[in-house]
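Student: Here is how the chains run, residue by residue.
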Amino acid sequence: MSLSPYIPIVGLFALGAGFALFSVAIAPFVGPRRYNRAKLDAYECGIEPTPQPIGGGRFPVKFYLTAMLFIVFDIEIIFLYPWAVSFEALGVFGFVEMVLFIITVFVAYAYVWRRGGLDWD
Amino acid sequence: MNGLVTLAAAAGEVKGGEAATFYLLAPIAVICAIGMVWARNAVHSALFLVVTMLCLGVFYVLQAGPFIGMVQIIVYTGAIMMLFLFVLMLVGRDASDSLIETLRGQRMTAVLLGLGFAGLVATGLYRALGNLDSVGLTQANSVHGGNVPGIAALLFTKYVFAFEVTSALLITAAVGAMILAHIEKRPDQKIAQPERMRARFAPDNYPGPKPGPGVFANSTSVATPAVLPDGTQSERSMSKILPQRELTAAEAAPKGTEHQ
Amino acid sequence: MDDKLTQFGQDVWWLVLAKVLLVFVFLVLMTLFAIWYERRVVARMQVRPGPNRVGPAGLLQSLADGLKLAFKEDIMPKMADKAVFFIAPVISTTCAFTAFAVIPFGPTVSVFGEKTPIQLTDVPVAVLLVLACSSMGIYGIVLGGWASGSTYPLLGGLRSSAQMISYEVAMGLSIVAVFMTAGTMSTSQIVDAQKDTQTLTLGGFDLTVPGWYAFLLIPSFLIYAIAAVGETNRAPFDLPEAESELVGGFHTEYSSLKFALFFLAEYINMVTVSGLATTLFLGGWRAPWPISLWDGANQGWWPLLWFTIKVLLLLFVFVWLRGTLPRLRYDQFMRFGWKVLIPLSLLWILTLAGIRVVQGSDLTVQARLAVVGGPILVALAIWMFWPDKRKAIEDPGVHGVDAAGRIGGTEGFPVPPLNLEVPVSPRAQRVLGERETVSTSKES
Chain L
1 MSLSPYIPIV
11 GLFALGAGFA
21 LFSVAIAPFV
31 GPRRYNRAKL
41 DAYECGIEPT
51 PQPIGGGRFP
61 VKFYLTAMLF
71 IVFDIEIIFL
81 YPWAVSFEAL
91 GVFGFVEMVL
101 FIITVFVAYA
111 YVWRRGGLDW
121 D
Chain Z
1 MNGLVTLAAA
11 AGEVKGGEAA
21 TFYLLAPIAV
31 ICAIGMVWAR
41 NAVHSALFLV
51 VTMLCLGVFY
61 VLQAGPFIGM
71 VQIIVYTGAI
81 MMLFLFVLML
91 VGRDASDSLI
101 ETLRGQRMTA
111 VLLGLGFAGL
121 VATGLYRALG
131 NLDSVGLTQA
141 NSVHGGNVPG
151 IAALLFTKYV
161 FAFEVTSALL
171 ITAAVGAMIL
181 AHIEKRPDQK
191 IAQPERMRAR
201 FAPDNYPGPK
211 PGPGVFANST
221 SVATPAVLPD
231 GTQSERSMSK
241 ILPQRELTAA
251 EAAPKGTEHQ
Chain U
1 MDDKLTQFGQ
11 DVWWLVLAKV
21 LLVFVFLVLM
31 TLFAIWYERR
41 VVARMQVRPG
51 PNRVGPAGLL
61 QSLADGLKLA
71 FKEDIMPKMA
81 DKAVFFIAPV
91 ISTTCAFTAF
101 AVIPFGPTVS
111 VFGEKTPIQL
121 TDVPVAVLLV
131 LACSSMGIYG
141 IVLGGWASGS
151 TYPLLGGLRS
161 SAQMISYEVA
171 MGLSIVAVFM
181 TAGTMSTSQI
191 VDAQKDTQTL
201 TLGGFDLTVP
211 GWYAFLLIPS
221 FLIYAIAAVG
231 ETNRAPFDLP
241 EAESELVGGF
251 HTEYSSLKFA
261 LFFLAEYINM
271 VTVSGLATTL
281 FLGGWRAPWP
291 ISLWDGANQG
301 WWPLLWFTIK
311 VLLLLFVFVW
321 LRGTLPRLRY
331 DQFMRFGWKV
341 LIPLSLLWIL
351 TLAGIRVVQG
361 SDLTVQARLA
371 VVGGPILVAL
381 AIWMFWPDKR
391 KAIEDPGVHG
401 VDAAGRIGGT
411 EGFPVPPLNL
421 EVPVSPRAQR
431 VLGERETVST
441 SKES
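Chains as they are written, first to last, in my numbering: chain L, 1 to 121; chain Z, 1 to 260; chain U, 1 to 444.
None of these hints come from the bench; they were simulated from the model.
Keep in mind that a hint or two might mislead.
Cross-link-like lysine to any residue pairs, in silico, SDA-like; alpha carbons within 20 Å at most [stated by the list, open to error]:
#	chain 1	residue 1	chain 2	residue 2
1	L	62	Z	172
2	U	339	U	301
3	U	72	L	37
4	U	82	L	88
5	L	62	Z	171
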């Protein structure tokens, strides 16, 4: 396989990264610098200032569950892609296998749903 | 540029563009792997790992496996490292490593296992660098008309059992995550958004934001603590990083603008 | 598959460079234009002129704003994690730019004697590259929010990461049907596959439809469109930067060019999802129906125009949504993503696969109907009779208003009268007997 189709991607990546890095790097020199200690404080409008972000800068554990479910579905999607691309070639056998796979993952999904893992408040 | 790369692709030889990319990214991958171990901050550590994973993804593409390369980026850097990041953010940004060892003999075991692993890698490398001819994926990629159909064909013939077993693994992952992280509330403990809203606007609860710094004070500086309606200073309105400022006599003196 | 992609990666070096630069300039210009466009359109919807001072019709307004941002002070909060705070906007912008590398703008043209497609490049896994970039782009937002060391950005980053990963699943599932129909993941071939009008045989009926997958795979298109709005953090799904509750969300602490980069990334992402929608569902750069009757419509440089018009129309939908819909509550939003979009997508994929498997086999019409309709009926039945233990939340709507004009009983909060009658002021005790309630409705 020739790698040359990937070169423009690298080129665009390099250009984008270069532009972004350049912008971020020159920002302190282009703009004015009027030091004021109050500017270093976290911006909190209308609430009592907190020395630290809520909960000591922690994420609630709820997000762990979401991320885990995301991985489960991501892997399912990744398996779906090759199947979809060679759908014609795989035929009925591939379809049956994929139905089995999706149903099995759906069991996990239904379990999480019933236990309330998908509820947000 | 084009000629070089086409040359490199021939017969699976490592040349030209492929070699250049490898020698550029391999040190980055290794340095970031070391950085991951050395970084003090857990989030920095995770970010170093992200870069290493990205480099691995590029390596896969380089070795004629574009699908697995993209999957590496989507699943490992996109999903799994995001989970890592969530877990690290779970423990808070100021949590540093505890130096107290809770497992006895941890160091000894770690050294032993490390040595064993190093031995394993060395033997593997020795064998790999020996008289092995690399075949490359050129042939495998052309049989079914491309990389992705090739993977699909293998997945649904030779590895169909492994594929189906993966779904069981995914169930395990979901159930495990539920058991670890899900706090099931009893139905009467659940507070939904409408109830919260009702509670917020219920009598005896002030629904608006509390006064910020400087409000009700006779100075406009953020450093001035807020004054509560009863005249006392609100401790909670003071920023921890700003020095507290005492008003001078001149500043505190009535300016004649106050409501007498 | 690879042999159909041989036209890519054959360009001479200056052509590659020129294309890279052009895509970059296209994205920056589209961003500048889209900001102006959004402000003008939303202004029209709100019956006001919008920006009209800088340049003709205010076209240079966004450029002026961008320049102004460059000359603003660059502030880094004391609690910020310096390195991560610095790198987060770079990640966002770089990923946004890279994703556009595989979007096709047009067919092969001749530039100074070199034949080249108007597309930066194409690879067998092109659509996956876009997905990979969007999944990497999430890091910019999460890290930006986390590194700021401040409450609002943390909340914004938290929300947006959970939101984006949730809607990425729906997005990933929605394009499976496209791969299934086109049989490829390369963008140029997907555009090619939508070239002809297709005849759909459904239970014995022959339907002639345009080759666009937006018609052929309507559920996929709708799910993609919804997921794309969620993925780009746009209204009504703009919870990460819900200004009424989170100030600016993850970019609250960012100022100057760092903020500009986040802004740029958001708009480029909008252009990218619109471009991808055009490519996957709207026939790509091919001219729409009345124009496509003209032979030259799909040749030369014209397709560039069709592509841009399609993208701009999709951007208009983004603005339209913003001008029309109120922001969703977070729990509604997540429930919609996980409990509606994902099962719907999976069901649709299975249905489509079932139909196509049956189409390929030689069965009678009745058998086909049974095979296709049976699972759908079963799935519908399961969905409808799915036991839901949770009682429906008490409707706090109009019915809940009691005699005292409160919602939620004596503990509740008061609501204004719903018949638009101005109530008598409680302070006007003395004139109570003399005054009637004033009605604003015209009939009385």
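Student: All hints, please: hold or fail.
Tutor: A quick look at each hint next to the structure:
1. Straight-line distance between C-alpha atoms of residue 62/L and residue 172/Z comes to about 18 Å, which keeps the hinted pair within the 20 Å bound.
2. Taken as a hint, the residue 339/U and residue 301/U pair is broken in the structure, with Cα atoms around 44 Å apart against an allowance of 20 Å.
3. Taking the CA atoms of residue 72/U and residue 37/L, the gap is about 17 Å. The hint holds against a cut of 20 Å.
4. Proximity of residue 82/U to residue 88/L is assessed by CA-CA distance (about 52 Å); at most 20 Å being required, the pair is judged violated.
5. A C-alpha spacing of about 18 Å is found between residue 62/L and residue 171/Z, which places the hinted pair at or below 20 Å, so the restraint holds.
Comparing the model with each earlier hint shows violations of hints 2 and 4; every other hint is respected.
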